[in-house]
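Protein chains: 2
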Amino acid sequence: MKVIKSIKEMQAFVLHHKKQGKSIGLVPTMGYLHEGHLALAEQARKDNDLVIMSIFVNPLQFGPKEDLSTYPRDFNRDHSLAEGKNVDVIFYPAAGEMYPQHPSILMNVNDRTDVLCGESRPGHFDGVALVVSKLFNIAQPDRAYFGRKDAQQIAVIDLMVADYNFPVEIISVDTIREENGLAMSSRNVHLTASEREQAPVLYQSLANARTLISEGEKDSERIIAFIRGEIAEKTDGEIDYIEIYSYPELKTLVELEGRFIIALAVKFSKARLIDNIIITNE
Amino acid sequence: MKVIKSIKEMQAFVLHHKKQGKSIGLVPTMGYLHEGHLALAEQARKDNDLVIMSIFVNPLQFGPKEDLSTYPRDFNRDHSLAEGKNVDVIFYPAAGEMYPQHPSILMNVNDRTDVLCGESRPGHFDGVALVVSKLFNIAQPDRAYFGRKDAQQIAVIDLMVADYNFPVEIISVDTIREENGLAMSSRNVHLTASEREQAPVLYQSLANARTLISEGEKDSERIIAFIRGEIAEKTDGEIDYIEIYSYPELKTLVELEGRFIIALAVKFSKARLIDNIIITNE
Chain A
1 MKVIKSIKEM
11 QAFVLHHKKQ
21 GKSIGLVPTM
31 GYLHEGHLAL
41 AEQARKDNDL
51 VIMSIFVNPL
61 QFGPKEDLST
71 YPRDFNRDHS
81 LAEGKNVDVI
91 FYPAAGEMYP
101 QHPSILMNVN
111 DRTDVLCGES
121 RPGHFDGVAL
131 VVSKLFNIAQ
141 PDRAYFGRKD
151 AQQIAVIDLM
161 VADYNFPVEI
171 ISVDTIREEN
181 GLAMSSRNVH
191 LTASEREQAP
201 VLYQSLANAR
211 TLISEGEKDS
221 ERIIAFIRGE
231 IAEKTDGEID
241 YIEIYSYPEL
251 KTLVELEGRF
261 IIALAVKFSK
271 ARLIDNIIIT
281 NE
Chain B
1 MKVIKSIKEM
11 QAFVLHHKKQ
21 GKSIGLVPTM
31 GYLHEGHLAL
41 AEQARKDNDL
51 VIMSIFVNPL
61 QFGPKEDLST
71 YPRDFNRDHS
81 LAEGKNVDVI
91 FYPAAGEMYP
101 QHPSILMNVN
111 DRTDVLCGES
121 RPGHFDGVAL
131 VVSKLFNIAQ
141 PDRAYFGRKD
151 AQQIAVIDLM
161 VADYNFPVEI
171 ISVDTIREEN
181 GLAMSSRNVH
191 LTASEREQAP
201 VLYQSLANAR
211 TLISEGEKDS
221 ERIIAFIRGE
231 IAEKTDGEID
241 YIEIYSYPEL
251 KTLVELEGRF
261 IIALAVKFSK
271 ARLIDNIIIT
281 NE
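In the order they appear, the protein sequences are chains A and B.
The opening position of the first sequence corresponds to residue 1 in this note's numbering, with each subsequent residue numbered one higher.
The opening position of the second sequence corresponds to residue 1 in this note's numbering, with each subsequent residue numbered one higher.
Take the hints with a grain of salt, since some may be wrong.
All copies of an identical chain are treated as equivalent in the list; a pair is satisfied when it fits inside any one copy or across any two copies.
Each computed BS3-like pair below joins lysine-lysine, with the alpha-carbon atoms no more than 25 Å apart [claimed, not checked]:
1. Lys251 to Lys2
2. Lys18 to Lys251
3. Lys85 to Lys22
4. Lys85 to Lys46
5. Lys65 to Lys251
Note that these hints are calculated values from the structure, not bench results.
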């Protein structure tokens, strides 16, 4: 497995292989890999001749009061895990390589970002769109892999691919969970012991909400109140949001019909966790 | 020569040829081709296996009071001219193909646009950056060709390629002029007979300014006053701007040293013309 830190070298490598007709799968990550990332790498391995995993903690998608400086990092561990999944190249640029200066041309995402994480993290998806554009231009993948835990991110990247005609197929992969239901996340490492016991309630409340809906509940306010009650009662977390929207449009729903997402964000002492389920109710 | 109107078909064509190791040159135009465009096509023909010329009058780079509706168009004429230069493909999408809806993700160009055409045409370069990004993703060129008459456009596209890591080499080609010095432009067709006689004064005043500078003039205000005097005296045009900046940074200059641009825009009755010269003064 190669590790490439230079954009120029990465582009030369890609150009060489594309000229030979090789297909390329890109797995963009911020590192501190978990089973979720590895599921993306496995899928990319099945679909493509070459698999590139990028590891880059993108400063532009963190707000001034967010956890950029404490975001967990362990390159050696990531290296072994990626190698175990037969990744061909880790693209591992320094921040100064990706941003030799602050970009002069920014992307403004004006749809699908006034709700959920877009509302509580202003500018977050502008930073995501910019870095994903850069990574697409650097790795020039045929396919790029994203986890459904970041469902709003996928909705935004789908918009970006449509608006900018990126020649990239976006593949979304199911959220990987612990047996207790907790979604895998690099940020789980920052949970205290008691928070770690409480955190599975996030998914359990979503799963129970799904059961209520399958039993006929169509009122989103009651569903939200139910989840809010569960999390308030069973965890010490502070609820950032619990919301329900159509998916992937992220528009307000009158009744719980069609395809929709129930998404939440909960702040624990040192980690803000997100999770969601997407339901299709015919 | 092929004419392709569908983005999907254009991308499939490009993918097929890239897998065979073919290099691609893109000549982005708004059509109504003149010698300037054809010089770009000639250069692209020399440098690449395949030459794609796009013809698309991009609504997003026109302001509400600008000449989108009267911008000259003649596809049959363009077709013959492009064929004469051995262009392989004309990419000729409808507006609804490029913008099935107004883009949700816009680009904001925050550098090199507070002066010259960027100042008199707010939003113009945001629209240019967006459409050029789309064209790069659609045609996936190794090289893209732009005329130096649009010197600020080249400065902005250089920024964009740097910020977004587009794997595209930007080739700029000298402005093509009539014998009297008038820069070739699709908009020249809108000049009245008497304006057409006056319009060469734009370049002649720039050329005379260059002579003054080569003779030792270092004061940009005096150069600007000289050009203003020439144009006011010898044409009926209304001066939009005459400005001098470092190039390509487009920063204010104290003295006329280093590499700089003298650029102007003049409004005639039905056409706003631009021209410039770039000087290196050691």
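A quick look at each hint next to the structure:
no.	hint	verdict
1	Lys251 to Lys2	neither (43 Å within a copy, 42 Å between copies)
2	Lys18 to Lys251	neither (39 Å within a copy, 40 Å between copies)
3	Lys85 to Lys22	within (19 Å within a copy, 32 Å between copies)
4	Lys85 to Lys46	within (11 Å within a copy, 44 Å between copies)
5	Lys65 to Lys251	neither (28 Å within a copy, 34 Å between copies)
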